[in-house]
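Undergrad: Respectively, the protein sequence lines represent chains A and B. For what it's worth, the numbering used here labels the leading residue of the first sequence as 519, then goes sequentially. For what it's worth, the numbering used here labels the leading residue of the second sequence as 31, then goes sequentially.
For the record, the hints were derived by calculation from the structure and aren't laboratory data. In this text, a Cβ means the ideal position worked out from N, Cα and C, and glycines have one as well. A portion of the hints provided could be inaccurate.
Heads up, incomplete: computed chain B residues facing chain A, CB under 10 Å, no partners named [said to hold, decoys possible]:
1) E59
2) N141
3) S145
4) V187
5) T190
6) T193
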Amino acid sequence: MTPRNVLITLLVLLFAPLARAHELRPAYLVLRETTENHFDGSWKVPARDNRRLGLYVRLPDDCVVVRELSGAFVDDAYVERWSFTHPAGLVDATIRIDGLRETLTDVLVRIERLDGSTQVERLSPERPEVVVRGALTKLQVAGTYTDLGVRHILGGVDHLLFVLGLLFLVRGRAMLFKTITAFTVAHSIALAIATFGYVNVPPALVNTLVALSILFLGPELVREQRGETSLTIERPWLVAFAFGLLHGLGFASGLTQLGLPHSEVPLALLSFNVGVELGQLGFVAVLLALGVALGELQVRFGPRMRRLPAYVVGSLGAFWLCVGLSALI
Amino acid sequence: MKHGPRALLATAACSSLAPTASAHLVSTELGPFYDGAAHPLVTPEDLLVILALATLAALRGAEGGRRALVGLCAAWTVATAASFAWGAPLSAPPLLVAGLLVALGLACAVNRAPSPRVLLALGIAVGVLHGLENGSAARAADGVWLSTLGIASGVFVVATLTTACGVHLERRGAAIALRVAGSWLAAIGLLFAGWQLAGPAG
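For reference, chain A alone in the conformation it holds in the complex:
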């Protein structure tokens, strides 16, 4: 490793904390109508080491709490439960999440009515409140989870970096199609299996293994540029499939932590997966278009510049692996 490469690696590691490895841990609010105008509420906030995020539900002023709050730390979350009544059954009422503007977290709000209809909304720091409406169609619910899937992949620097590494590793359109398809199929299978509860891997372990998959690509990219060969270089689709299973578990940990009821899991799963695919395809399309454009402009990169992606991928993978291992220990 030359001094220049050491310098590149150190620079990447210096700026690595800016690129936060992704962990989708939204808060989750469920309001279930048990009798007419009477609701049971459940509020699940991400927590770590018995410290919870400072997010608080503000119900409409005309709500009457009939049972006091009860809260407890459960795994990596703080869960509160309470009951209340509202004269209009919450229709047209505004529910606000105090403290959301000061975080980077999302909040999923789910309102279940007596007639079986549901309203699912995703709140964000930019939109910390929701107005309760009448019944929502399945299409609207699907839209919410598709949106969540797109946001999950676009906000997941670790997943995107793995895809980026694969793009640099693959030669030829046919192999690229095969590799991206293998990755997609694998993470879809893992997402489905984990969401239906057949496999349960702790999110911290999944994040660490995802980091390991990124670190794995770094040396392979260097090997490919040196003209050497390996199983990964000859059959990148195989590696994409194997590690795609891990990335799928990562997507699933986000979805399962929402605590969705079983009746809506298939629709949520499908929509979320569609969203992930759309986001991933958009990212790949932009990168491929850039590659073609740079070719059209006859841009030639020197050997050092060609090595840069390998060191960026490898260094960030190593950094996230260390972070993941420290979290596990």
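Start from chain A and add chain B according to the hints.
TA: Okay, now just chain B, sitting in the frame of chain A:
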């Protein structure tokens, strides 16, 4: 004061037209990086000047396109970072921005593309002018460094794709399409200038 009447007039015009910087990044709800990346796409002044420079540079083939691209992206990134690090709101007079758009569009329409060296200088000038303003916008956002990185990435992607499209057309003998595009951009620049001179309605 020994300056001539023209210099006094120009100073007075620039002073009266310099606005207070009130730009801010659009919210994509995807975080500061994507807010920054979307900024050049949803800000007409930024998008149009990138298109105008890319179209003009494409008339000089791949070399012209490369030079303009390097100057534009490097200067835009440095100016954005410098602007928010500077701390004071910086903003280019809107009439200057519109004038630059008209000049680039007209040069393209009459097929008078400058040499690759001049295109590099033009890229730097455009990058500095718009980057300084973008820095003020980034300062108003959460995560300024990620916003700056996002703005730089957005400018790079838009400029690279449009320049490459232009070079592709020029190579296929369809330079007339670039000249038509230049005339439209000049016309839009004239509209901008007209709005600035007319002032707010009512």
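Undergrad: Sort out which numbered hints this structure fails and list those numbers smallest first.
TA: As far as the earlier hints go, 2, 3 are violated by this structure, in ascending order.
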